[in-house]
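Trainee: Each chain, written out:
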Amino acid sequence: MIENAQLIGLSRQMALQRQLDVVANNMANINSTGFRAEVLLFEEYVMPVAADRTFPYGDQPLSYVQDWATVHDMQGGAIVQSGNPLDIALQGDGFLALSTPEGERWTRNGVLQINAQGVLVNQNGHPVMARGGGQIAFGPDETDVVITPDGQVSSSAGAKGTLRIVEFDNPQALTRAGDTMFAGGEPVEAQSTTVLQGAVEGSNVSGITEMAEMIRVTRAYTSLADLMSRQDEMRQSAIQRLGNPNA
Amino acid sequence: MRALYIASTGMAAQERNVEVISNNIANMRTTGFKRQRAEFQDLLYQSYRRAGASTSDAGTQVPVGIEVGSGVRVAATARITSQGNVTPTEKELDVAIRGEGYLTVTLPDGRTAYTRDGALERDGDGRLVTVDGYPLEPGINVPEDAQSIAISRDGMIQAFFGNSTEPVQIGQIQLARFVNTAGLESMGDNLFLETPASGQAQVGFPDSDGMGNLLQGYLESSNVNAVTEMADLIAAQRAYEMNARVISGADEMLRAATQMR
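Line by line, the protein sequences are chains F and X. Per my numbering, residue 1 is the first one in the first sequence, and the count goes up by one each step. Per my numbering, residue 248 is the first one in the second sequence, and the count goes up by one each step.
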C-alpha cells in the first residue's frame, strides 16, 4: 500500500513536470504573433489490477494521474495596430491558408511580405493561398496594396484575388506544426471571419494566468515531494518497529 | 524538465526584442530610418499522444492529442517601411521622398546602395553626394557658378545662373524601388543593399511608375513612434521577467526532487 501511494504521487509529479513544460512554452511565446496558448488536461487512470473484494473493507481502487490532452485555447489575442499595409489580423475564428512543401498549413499570424518574385508570402516564405487555388502575385511597379475586410486583395493594377480564409468545426483537431502554423483538420470556407489590414494579432497567452498556473504547479510538486518523503519515513519506522526482535 | 530550456528560449527571444527596440529608439532622430519589429514564432512540438490514433478495436479515436512545444525563436526583424514625417529644413539640397523609392548611390568600392536619406550636398567637384560623400547614381554635376537650385516633384534639377531668370536643366534624380523592400540588407549609414530576396531594383523617375515624388527643402524623419516603442519595451521587459520566473519555478521543482528521500 505504501508503495502504491508513492507510485501515485510519482505519476502526478511526472504530469506536473509536463505541465510546467506547457506553461514555459506558453510563456516563451507571449510575444509570438498569432500564437495560441496550450492547456494541458489530466484524467484519472484507475488501476485495473486484481483486487480483493471478499472482505467488507477490501482493496480500494487506485487511481493514477495521466495527462490526456493539450487543447488549443482559441480565444482571440490583442489586435495591435502596426501601420504596415501587408500586416493583417483576422477577427473571428478563421485561419489564413498557406501552401508549404509539406502541404496546406493554417495560421493566425498575418505578418505577410512580398517576395522577390512578387508573390504574397508569410514570414517563412510560404505562399499565401488564394480562394479557388493559386497564389496572389504583384508586378514590380504596383503600389497601394489594399486588403478589404472580406479578404479581397487589390493594388494599383486592380484586383489580385481573395485570400483563402478557412474555419474549422472542431479546431481542437488541429495539430501544431511550429512556426505558429497548424496542420490537419477539415477546413471549410470562412463565414464569420473578417480581415483587418494594418494590424497584427498578438499572442493570446495571459502572463498572469500562466504565472498563477506555474506557482500552483511548483507548489503541488513540492507538496507531493514532501508527501512522498513522509511516506518513506512511515515505511522506515514500520521496518524498524516490526523488524525489532524485542517488540 | 524541459521547462528550463523552454523558458530560456523565451528569455533569449525577449533579449533580442529589447535589442531591436533599443535600436529603434536610438535612431528616433535618424533621417530616413525605418523601424524594425522582432517577429517570433513557436518551435517544433513534441507529440506525446497523437490526435486521431485509434483507442479501441471499435474504431474510436483520440480526439485531442498531447503536444508540448519547445519554445520560441525570432523569425524575422522586419523593417516597417511606412512613410516617416517630412520636416522642413529650408536647405535647398535636402529632398524628402514621399511614397515609394530609394535614392541610388555609388559606394567607394563600386557597389550600388540605396537610401531614403535625402540630405544631399555638393562635393569639391560639384557632384551631388550624400552626407558621407557618396555620389548619386546617375551622377549629377552642379556647375560652380550656379546661383540657386530647384528640384521638382519629378526629380528634375534646375539651376539659375547669374542674373538670368531662365533656369537651366542640369539633370534628373532617379529612384529605385523593390518588390520586397523588407528583403533589403541594412548596411548602416542609412544605406541598404540589394539581395536576392529583395528582387532586382526597378529604376525610374520620381512621380511616375508608382515611384514617390520628391519634396525640396524637406527631410523624411524616422518612422519610429516613441510611445509604441516604450509600450513594446515594457511588454518585452515583463515577458523577460516572467520567463525568468518560470526558470526559478522549474528550479524549485528540481530542488524538491533532489531533496526527496
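Some clues are possibly wrong.
[As the list claims (entries may be wrong)] Not everything, but these chain X residues come out facing chain F in the computed CB check (under 7 angstroms): (1) Ser329; (2) Val333; (3) Pro335; (4) Ile387; (5) Ala491.
[Said to hold, decoys possible] Quick look at which bits of chain F chain X covers, simulated, 3 or more residues with Cβ under 8 angstroms: (6) 101-110; (7) 116-122.
[Unchecked claim] Computed from the model, here is a short list of chain X residues facing chain F with C-beta under 10 angstroms: (8) Gln261; (9) Ala305; (10) Thr307; (11) Pro310; (12) Ser317; (13) Met458.
Source of the hints: derived by calculation from the structure; they are not laboratory data. No residue lacks a Cβ here, since even glycine has one placed at the ideal position from N, Cα and C.
Trainee: It remains to establish, for every hint, whether it holds in the given structure.
Mentor: Do the hints match the structure? See the list:
Here the hint on Ser329(X) is kept, as its CB sits about 5 angstroms from the closest CB of chain F, short of 7 angstroms. Given the 7 angstroms rule on beta carbons, the hint for Val333(X) is violated: about 16 angstroms separates it from the nearest Cβ of chain F. The interface hint given for Pro335(X) is broken, as the beta carbon of that residue sits about 23 angstroms from the closest beta carbon of chain F, more than 7 angstroms. About 24 angstroms separates the beta-carbon of Ile387(X) from the nearest beta-carbon of chain F, more than 7 angstroms, and the hint is not met.
Taken as an interface hint, Ala491(X) does not check out: its beta carbon lies about 10 angstroms from the nearest beta carbon of chain F, beyond 7 angstroms. As drawn, the segment 101-110 of chain F meets chain X at 1 residues by the rule of a beta-carbon pair under 8 angstroms; below three, the given contact is violated. Three residues within the 8 angstroms Cβ limit are the bar, and the segment 116-122 of chain F against chain X gives 3, so the coverage statement holds. Proximity of Gln261(X) to chain F holds as hinted, the smallest CB-CB distance being about 7 angstroms (cut-off 10 angstroms).
Of the supplied interface hints, the one on Ala305(X) is violated, with its beta-carbon coming no nearer than about 18 angstroms to a beta-carbon of chain F, more than 10 angstroms. With a cut of 10 angstroms, the hint placing Thr307(X) at the interface with chain F is violated, because the nearest CB-to-CB distance is about 14 angstroms. The criterion of a C-beta within 10 angstroms of any C-beta in chain F is met by Pro310(X), whose closest approach is roughly 7 angstroms, and the hint holds. Because the closest C-beta pair between Ser317(X) and chain F is about 7 angstroms apart, less than 10 angstroms, the hint holds.
Checking Met458(X) against chain F by beta carbon gives a least distance of about 9 angstroms; that is within 10 angstroms, so the hint holds.
Hint check: violations occur at hints 2, 3, 4, 5, 6, 9, 10; the rest are consistent with the structure.
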